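Undergrad: Please take these sequences and the hints and turn them into a complete structure.
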Amino acid sequence: MSLPISIVLPGDKIPPDSLPKPQNKKKALTLGPGLRHIPPETIAASIAGALVTDNKKNAAWIEYNSGRYLPSTGDLIIATVHTSGGENFNCSITPNTPLAALPHLSFEGATRKTRPVLPPNSLVYTRILSASSAVAPELTCVDPSTGKSEGLGPLKGGMVFPISLGMARRLLAGRKGGVSVLEGLSEKMGFEVVVGRNGMLWVEAGSVKRTLAVGRAVQEVDEGGLGEKGQKKVVERVLKGI
Amino acid sequence: MAPEALLSPLHRADGSATYTHNRYSILGAVNGPIEVQRRDEMPEEATIEVNVRPAVGVGSPKERHLETLLHSTLRSIILVRSIPRTLVQITLQIRSLPEEDAMLGVNTSLLILPHLLHTALLALLFSSVPLRAIVTSVLVAIPFTKGAGPLLAPSAKELMRAKPFKSIHVFAFSGDRKMLLNESDGVFGFEEWDEACEMAEEVCCKEEGGVGLGEGMEVDGQSATENLEQWLREVVKSKVEREQRWRVAT
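Sequence lines, in order, name chains A and B. Residue 1 is where the first sequence starts when you use full-length UniProt numbering, and the numbers rise one by one after that. Residue 1 is where the second sequence starts when you use full-length UniProt numbering, and the numbers rise one by one after that.
Don't read these hints as lab results, they were simulated from the structure. Check each hint, because a few of them may be wrong.
What the hints assert, rightly or not - Calculated Cβ distances over 10 Å to all of chain B for the following chain A residues:
no. : residue
1   : 40
2   : 84
3   : 183
4   : 189
What the hints assert, rightly or not - In silico DSSO-like cross-links for lysine-lysine, where the CA-CA straight-line distance does not exceed 30 Å:
no. : chain 1 : residue 1 : chain 2 : residue 2
5   : B       : 157       : A       : 57
6   : A       : 25        : A       : 176
7   : A       : 233       : B       : 237
8   : A       : 229       : B       : 237
9   : A       : 21        : B       : 237
10  : A       : 13        : B       : 62
11  : A       : 232       : B       : 206
12  : B       : 206       : A       : 21
Note that the structure is a prediction, hence the values are computed from the model and not measured. Every residue gets a Cβ at the ideal spot worked out from N, C-alpha and C, and that includes glycine.
TA: Printed below as a string of structure tokens:
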């Protein structure tokens, strides 16, 4: 990064000249994770990390890569079914947190007569419908406006690999995230991946050996903080081993 | 000498830190926000649980006393209302103490209190639990010897040389220079206490009108060791650099 990173500690007040300068003056300032507004006009950090601003969106947030995943509305996650109740599946998002409800009818094509059957410990790719500190999060597998699944639903086969929350964000950010390892691998082998914002990566590549190779490659890139060149090396080594 | 901090030594915990200073070594871990037991649940606030484990043997009333002090101090810096009905579990394992610790003839729970507080704070910072402010803490010891000035954050060896003591004090300040904790032991007058308090504040908080955001990183080694807040900034800087490695890596 060419810009110097401004590091903030909890309780640091963000000076007005560090906040984004929007071209469009009418746009309201958006505060992302790690920042809180203390009326009337103090903005303070609540998490230790790097302050990032976006002038176009008039947004500011704190970038960090540690700690537990906190559910927020609209996130795509990989949930684990814990138990099945009368109307809902009780799913766990992160260990030791209250279970989230996934209604039986929130799958594509599900009716009262034809409900999906998911045994405990099966994995579901879902979207968080609502999350707040007041109530337990609610999940869904369909787009409420169209009724289509849009790729969400139960994940069959494959394996789950734990990755850091920052890595999950990078994988979902596309080109900006700077992860090329999956594209590199996909030139020589076919596989399916699903990225959950809760720090989970699901991989299915046909055989156990290939699945493990893909999952471990991503984990290696995550742990080492590898750049373009480092990722290319990983890709070469993995493809040689298959 | 500035304390040493090792980041995230435990990979299962949400946040962890190893802290070493003056031969006191402590391992801290934070899990949270997690599900809280029904009887500990508070409708509008997070529950905080502090566990202090001694280096040898099982916990005693001394550890329980430290836990209470830590609990009330940390409670005032964690944004408990933003994560209601959850639990933040803080575990502090004392790994080693200096040999002189038991021979000083002073209240040993006060000697370790600043170190425990720093470890807990580091672990909390790495677990990304929302905090209101940071906390820094320091020990001040006032010896009996005439003419000897108060000792600031002394090592066990320095304490051994200067004993016996009139009084010892522990002060903790938040980032905005508010006193969060004061524990004193011994005989002292108000002037002495005031002097000790001023000394502690100088070490804990950075001076008014000092370095601001972004420019605070170019501090020379000398001042970084003298000021605890600057030391904390250095630790967080290394954490952020580690996380942002991929941006600069080739």
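Undergrad: Indicate, hint by hint, whether the structure satisfies it.
TA: Going down the list of hints, with the structure as the test:
1. 40: It holds; residue 40 of chain A is separated from chain B by about 17 Å at its closest Cβ, greater than 10 Å.
2. 84: holds (20 Å)
3. 183: holds (16 Å)
4. 189: Fine: 24 Å to the nearest Cβ keeps residue 189 of chain A off the interface.
5. B:157 / A:57: violated (56 Å)
6. A:25 / A:176: holds (26 Å)
7. A:233 / B:237: Distance ~29 Å between residue 233 of chain A and residue 237 of chain B Cα, so the pair holds.
8. A:229 / B:237: The given pair, whose Cα atoms are some 25 Å apart, holds under the 30 Å limit.
9. A:21 / B:237: holds (25 Å)
10. A:13 / B:62: violated (37 Å)
11. A:232 / B:206: violated (45 Å)
12. B:206 / A:21: Cα-Cα ~29 Å, so holds.
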